[in-house]
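Protein chains in written order, with my numbering: chain A, 1 to 381; chain B, 1 to 325; chain C, 1 to 314.
If you are wondering where the hints come from, they were derived from the structure by calculation, not from laboratory data.
All C-beta atoms, glycine included, are put in the ideal place defined by N, C-alpha and C.
Treat the hints loosely; a few may be bogus.
Said to hold, decoys possible - If the Cβ cut is set under 10 Å, some of the chain C residues that face chain B in the computed set are: (1) Phe110; (2) Gly173; (3) Val175; (4) Leu280.
Stated by the list, open to error - Distance ranges between label pairs, derived from CB positions: (5) B:Leu102 with C:His49: 56 to 64 Å; (6) B:Arg231 with C:Val228: 44 to 52 Å; (7) A:Thr119 with B:Thr140: 18 to 26 Å; (8) C:Leu29 with B:Ala151: 22 to 30 Å; (9) C:Ile127 with A:Gly91: 52 to 60 Å; (10) B:Ser316 with C:Ile127: 46 to 54 Å; (11) B:Pro235 with C:Leu9: 51 to 59 Å.
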Amino acid sequence: MRFLHRRPHLEFQEASELEGPLLEVEDLHTSFASPRGPVRAVDGVSFSVDRGRTLGIVGESGSGKTVLVRSVMGLLPPNVAERSGHVRLSGHEISSLSASEMRDVWGNQIALVFQDPMTALNPVVRIGRQITESLRLRAGLDRKAARETAIALLESVGLPSPARRLRAYPHELSGGMRQRVMIAIALACGPRLLLADEPTTGLDVTLQAQILDLLGSLQRERSMAMILVTHDLAVVAGRTDEVAVMYAGRIVEHASTRVLFSRTRMPYTEALLRSIPRLSQPSHSRLRAIPGRPPDLSVRSPGCAFAPRCPYVQERCRRESPPLRTAGPGHKFACWYPVGSSEGDEALASNLEARVPAALTFAGRPELRAGVVSASKSGAG
Amino acid sequence: MPEGPGLATSKERRRAPGDLAVADIGTRVVTGAGPVPPRVDGTAASDGRLQKRSRMGVLFWVCLAWVALMVLLALAASVLPLKSPTFQDYSAVNVGPTLHHLLGTDDLGRDLLSRIVFGSRVSLVIGFASIALGMATGGTLGLLAGYRGGASDTLLNAGSFVLLAFPPLLAIMVIEAFWGRSLWKLTLVFAVVAAPQLFRVMRASTIATANREYVVAARAFGSRSARIMVRELLPNVLPAAISFALIGVAVAIIIEGSLAFLGLSIALPTASLGNIINEGVQNNNLQLNPYIALWPSLYIFLMLSSLNLMADRLRSRFEAREGKL
Amino acid sequence: MRRYATTRLVQLVAIVFLISVLAFLLVHLLPGDPTVAILGPNDTPTARHELLAQLGLNHSLPLQYWTWLKNIVRGNLGASFLTKQTVTNAISVAAPIDLELIVVSQLMAFAVAIPLALVAARRPNKIFDRLATTSTFGLLSFPTFVVAVLLVLVFAVEFHLFPATGFVRLSQGLVGNLKSVLLPSIALAVGSVAVYFRLLRADLISTLQEDYVTMAKAKGLSTPYILVRHALRPSSFSLLAGAGISIGSLFTGAFVVEVLFQLPGIGYQLVTAINSRDYLMVQGMALVAAIAYVVINFVVDFLLTVLDPRVRHA
Chain A
1 MRFLHRRPHL EFQEASELEG PLLEVEDLHT SFASPRGPVR AVDGVSFSVD RGRTLGIVGE
61 SGSGKTVLVR SVMGLLPPNV AERSGHVRLS GHEISSLSAS EMRDVWGNQI ALVFQDPMTA
121 LNPVVRIGRQ ITESLRLRAG LDRKAARETA IALLESVGLP SPARRLRAYP HELSGGMRQR
181 VMIAIALACG PRLLLADEPT TGLDVTLQAQ ILDLLGSLQR ERSMAMILVT HDLAVVAGRT
241 DEVAVMYAGR IVEHASTRVL FSRTRMPYTE ALLRSIPRLS QPSHSRLRAI PGRPPDLSVR
301 SPGCAFAPRC PYVQERCRRE SPPLRTAGPG HKFACWYPVG SSEGDEALAS NLEARVPAAL
361 TFAGRPELRA GVVSASKSGA G
Chain B
1 MPEGPGLATS KERRRAPGDL AVADIGTRVV TGAGPVPPRV DGTAASDGRL QKRSRMGVLF
61 WVCLAWVALM VLLALAASVL PLKSPTFQDY SAVNVGPTLH HLLGTDDLGR DLLSRIVFGS
121 RVSLVIGFAS IALGMATGGT LGLLAGYRGG ASDTLLNAGS FVLLAFPPLL AIMVIEAFWG
181 RSLWKLTLVF AVVAAPQLFR VMRASTIATA NREYVVAARA FGSRSARIMV RELLPNVLPA
241 AISFALIGVA VAIIIEGSLA FLGLSIALPT ASLGNIINEG VQNNNLQLNP YIALWPSLYI
301 FLMLSSLNLM ADRLRSRFEA REGKL
Chain C
1 MRRYATTRLV QLVAIVFLIS VLAFLLVHLL PGDPTVAILG PNDTPTARHE LLAQLGLNHS
61 LPLQYWTWLK NIVRGNLGAS FLTKQTVTNA ISVAAPIDLE LIVVSQLMAF AVAIPLALVA
121 ARRPNKIFDR LATTSTFGLL SFPTFVVAVL LVLVFAVEFH LFPATGFVRL SQGLVGNLKS
181 VLLPSIALAV GSVAVYFRLL RADLISTLQE DYVTMAKAKG LSTPYILVRH ALRPSSFSLL
241 AGAGISIGSL FTGAFVVEVL FQLPGIGYQL VTAINSRDYL MVQGMALVAA IAYVVINFVV
301 DFLLTVLDPR VRHA
């Protein structure tokens, strides 16, 4: 398999010479204009990803995670979305680049794997061309070399009879195959950072595992950094080094995966963990959904965004928005009454007495926290 | 035939991407825009009233006023204090615009203003009346057929196919050549030719609305057909219908004008606008007195622009917002 | 696919058949006695009677229709009683003119409309788009004959660049031919440009919102490339359908231009035939024009199916 590097206009340091993180996002804000006022889809997000590491970003639909990904990449046109903050790639500030300059970054440095391959692949263009066009136009390969590389790429993503598939149209392939093609396209120009936006949504569980395994192995082979965006915590368990949980456009907890699963602090994360259905539960158990709905991102209330649905909520939560605090090395969270602390326990107990609905739903079964910890021990890697 | 596979009953017909109804394309060809799917439900209306974007716009009302004024003028032509359109005043040949002759005179000394007003009578009557007739017949049939479906719908649909396949211009020319060229005969011919097209367009619109949830819901509640049609269907199909009708009028005016230009429209000495333009082109008049051709052309241009604009505004104002953000 | 093709073909035949009935009825059911026109001053009852018998007009309608149909199948569409020219001959002389007009004018229309739409759709509702949309909208409000008159005024009368009338056959020289066809083609193209622009622009704008366009952007491909190689093809369906209708109706719809510029195309011949009550000619030409319209639309429909691979394999 060949790596293709074209000397871009901007000189990005070779990844191996790198010091410091590959990607740095600092206080990123993205908002859209709407008739009811600005919608703050990304409301002050900061994180960084080192070379070769995987970050998982988890959140419900409406948490702003897809917007975050596109905003980091700079794909949102300026007349549609207002963006502020910093995004640095290998130390270079890419958030201030123009569209034509960003074109050097897209595909070559950062690649995006879209959520739905049926809509992300052009239905009237053959698969082969959708792969080779970036090879020929960005990497300057001639037709023959591009074709061979395309075949090699398809092989590396596990697509059977790749040479034949080159002439196929997207609708002739199954969902899993399409997703593999998407990955192949993303990897064509050898990017250093791969953003995967819900790469397995809509696929059945076996395929999910295959695709995620594939992504993992490709990442290791190419020493890429990867950001895995999903709404499903089960996806990030065991496949990511760090996890950031997003809610209402902000990161509410960020920790290494093991720590996130075992020493959860933020109630939202806890609720997400509890909502994962487990085989160990007896059949016909009720699914532990989180009551309520994600907040309207055009309205910014002063307190914590999760307050209306939180089992631990107190007066303070509604008045003041909690800042990100450190709970341990590399573990940040935003909560006034965190899980597992004395304040948290008291808050939950008083809510149960006061018959706060969220707390009641939460306490549906008594073996709550114990169940969470033991399940995560067996599930997390 | 641009219609999709089969003359099958259309209501549940799955549309393939290349499968475009003649009706849709016919309208698109004229407006250059998509067909007018009617409004979805009440919420759009209630929001609409608050939002600036969804008002009709000043231009719309200006155009409406202009068209209404022109129609009134044309209808009231005989009672207005206009000079005779046929009187040839040889002392005032090819006079430019003066107080006495507001738009000037032509090469035979006839007052251009009154010629144009009387000429517009023909064009506007044929245009509006024929489409009104066509809508009343073809349009209503389309509404009924689209809503009821079944055998009658299939039959009517097939019939409209065939009728539409026949070049309309040809039909008009042949019929009026053999039958006669009085005003009402022409109007009738135009109406007959327009009816199938209006039928298809209304049918497509109705089908699009009839499958919407609220109609199905009304049915489920047990409302009678007629009631459903009037209360649910009609208000939503109406803007589309008016939009199509306006375009139809524009097209009719163009066709009548083209025929008149060649002397194939109303029999002389009554002159339609197209006739006047033709006179303006003959005998070197374009150089001697360009006003003869200029004023009627301007009139037609303004009339067509107004009609197109109104139709466009109606369409965009009432277009259903489907699909993503 | 094959089943689809055969169904459509059967439909086509059925429609053509029905059209022939229509064309026949149209001419024969209308009042107006052709014999009057033919005989002119020699109109006596006996002469009329003879002529009726000769022309077969004294038979019943269905029999007349059947005779006509039989003749058509044998390739005999009848002849003009005036010029004694066979209808087929007249058509074969006139049709190439129409074809040339159509080809040239539509090529011009596409050459203008497509780039305009591509640029306009890129930034909808910004300056270029507004300008383009308004001006094409204005074009829509100019009937073809008005445009033609203006063209003649400017180019033929004022500047003597192009001939105001007359058709020069290809056989008589390419340059002369093109010159005689240019102004009429422009007149025809103007109307089409507006329509094509709006059709294509609308589709392009919605296509550009698709995920695969964002994906192409995320691959680092340049905007012109994305527009032409990714967005254009999925957006051209309405355009093609519209072109089909335009072209199909241009056979007769071009008659204004033909008469004005004295180009002896089908429209022109038709007008002459109608005016002289040459009913056989009218019938034959009507049939051919209608068939051309239907066939073209079928072809376009077919092409649309072929072009969209989703439908092909569905």
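The hints, checked one at a time:
no.	hint	in the structure
1	Phe110	violated, 15 Å
2	Gly173	violated, 28 Å
3	Val175	violated, 27 Å
4	Leu280	violated, 13 Å
5	B:Leu102 with C:His49: 56 to 64 Å	holds, 58 Å
6	B:Arg231 with C:Val228: 44 to 52 Å	holds, 49 Å
7	A:Thr119 with B:Thr140: 18 to 26 Å	violated, 41 Å
8	C:Leu29 with B:Ala151: 22 to 30 Å	holds, 28 Å
9	C:Ile127 with A:Gly91: 52 to 60 Å	violated, 39 Å
10	B:Ser316 with C:Ile127: 46 to 54 Å	violated, 20 Å
11	B:Pro235 with C:Leu9: 51 to 59 Å	violated, 42 Å
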